[in-house]
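For the sequence shown, our numbering gives the first residue as 1173, with consecutive numbering after it.
Be aware that one or more of the hints could be misleading.
To be verified - Pair ranges (Cβ atoms, derived):
(1) Arg1388 x Gln1410: 17 to 23 angstroms
(2) Lys1387 x Asn1281: 36 to 42 angstroms
(3) Arg1388 x Asp1243: 50 to 56 angstroms
(4) Asp1340 x Gln1410: 24 to 30 angstroms
(5) Asn1216 x Glu1444: 18 to 24 angstroms
(6) Tyr1403 x Lys1241: 41 to 47 angstroms
(7) Leu1354 x Val1299: 37 to 43 angstroms
(8) Asn1342 x Asp1243: 21 to 27 angstroms
(9) Ser1287 x Lys1241: 44 to 50 angstroms
(10) Leu1214 x Ala1277: 27 to 33 angstroms
These are computed hints drawn from the structure, not numbers from a lab.
Here the structure is a predicted model, which means the values were calculated and not measured.
For every residue, glycine included, the Cβ atom is placed at its ideal position computed from N, Cα and C.
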Amino acid sequence: MNSKRKIWIPCFVLLFAATFSSCKRLGITEPDAFGPSTFAMLLNVSLSPNVIFAGLNRESTTIQIDVKKYDGTPVSGQQINVQVRNAAGERVAIGYFEGNQTAVAKTTNANGVISLIYYGPLAGELVGDSQLYIHAIIDWQGTDYISEYAPLYIVRNAIEVQFEIIADPNVLYCTADRPQSLIKGIFKLTDGRPIVNRRVYFYVMSGPGEFEDDKRKTYAMTDSSGVASIYYIGPTEQEIAYDQFVQLRGQPETSTPDYIHFEIDVRLIKGEN
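Let's have the full structure, built from the sequences with the hints guiding it.
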C-alpha cells in the first residue's frame, strides 16, 4: 500500500508538470495588423439642448455626431444615417430634420463630424411628454452596422420640470466695496435629470444692485448639471440708507403656454461708517 502511494505521487507531479510545461509553450498570437479591430470606428452623438418643449412654437436641438477610429483618428467622408426612434427602437415620425425629413443621411467632414438640426413637435402633435432617441447608423459589411444614440426628452406639460434659484450667500454686508452673491438657477426634469444648454433669465425685481454685466435683466445658459449661474452685485453702504431686501427672479426659457419662475430675497445690511 505504501509503495503504491510512492509511485502515484511522483506520477501526479510529473503529469501536472507536463501539463503546466505544455501550457507555457502556447504563446499569445499577435493581432493581425489588418484584423477587424483595425477598422473599428467609434461614434459619439451629442444634443444641445437635450430637452426641448412642445409648445406653440417648434423648438430645435443641434445634433453633433463624431466618428473616429479606435486610435482617435477622425474618419472623414463617412456616410451616417440619422433617425428618430422610440424606446423600443422603432422609427417614429415625431418632429423632423432639416428639409422636413424624418430621416437623413450626411457625410462627415475633414474632422469626422456632421452637424444637423432636429425640429421638435408642437403641443398639438403630442398627447403627453415623450422620450425619443436620435440614432446615428453606419452601414458596415453585409447586414452588420455600427450604431449609437443620444436621448432627447420632449416636454409637453410644464409640470414635468422643476426649477428653483438659490443665492450664495443670501445676506450681503454692504461696505465701501460692492458685495457679491452667486445666483444659481437649477433646471431639471422631475426625475432629477438635468436640462442642459437652456437659457435662464434673471431679473432684479425690486431693490438696488445689478448683475455682473451691469444689467438688471440678463440670462445665463445651464451647464451639464442643469445649473445657470450669474453674480448679483449689491450696492455700497453709501447707496442704501438702511437694511433692506432685494428681490431676484429666475425664469427658464420654455415655449409652453405656462411659464415657470422662482423668486428669492437677498438681505442687504448697511455697513457702519
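Outcome of the hint check:
1. Arg1388 x Gln1410: 17 to 23 angstroms: Holds: the Cβ-Cβ distance is about 19 angstroms, inside 17 to 23 angstroms.
2. Lys1387 x Asn1281: 36 to 42 angstroms: Cβ of Lys1387 to Cβ of Asn1281: about 38 angstroms, so the range 36 to 42 angstroms holds.
3. Arg1388 x Asp1243: 50 to 56 angstroms: holds (52 angstroms)
4. Asp1340 x Gln1410: 24 to 30 angstroms: Holds, at about 25 angstroms.
5. Asn1216 x Glu1444: 18 to 24 angstroms: Taking Cβ atoms as reference, Asn1216 and Glu1444 lie about 57 angstroms apart, which means the hint is violated.
6. Tyr1403 x Lys1241: 41 to 47 angstroms: holds (44 angstroms)
7. Leu1354 x Val1299: 37 to 43 angstroms: holds (40 angstroms)
8. Asn1342 x Asp1243: 21 to 27 angstroms: Cβ of Asn1342 to Cβ of Asp1243: about 51 angstroms, so the range 21 to 27 angstroms is violated.
9. Ser1287 x Lys1241: 44 to 50 angstroms: Violated - the Cβ-Cβ distance for Ser1287 and Lys1241, about 20 angstroms, lies outside 44 to 50 angstroms.
10. Leu1214 x Ala1277: 27 to 33 angstroms: violated (19 angstroms)
Checked against the numbered hints listed earlier, the structure breaks hints 5, 8, 9 and 10; every other hint is satisfied.
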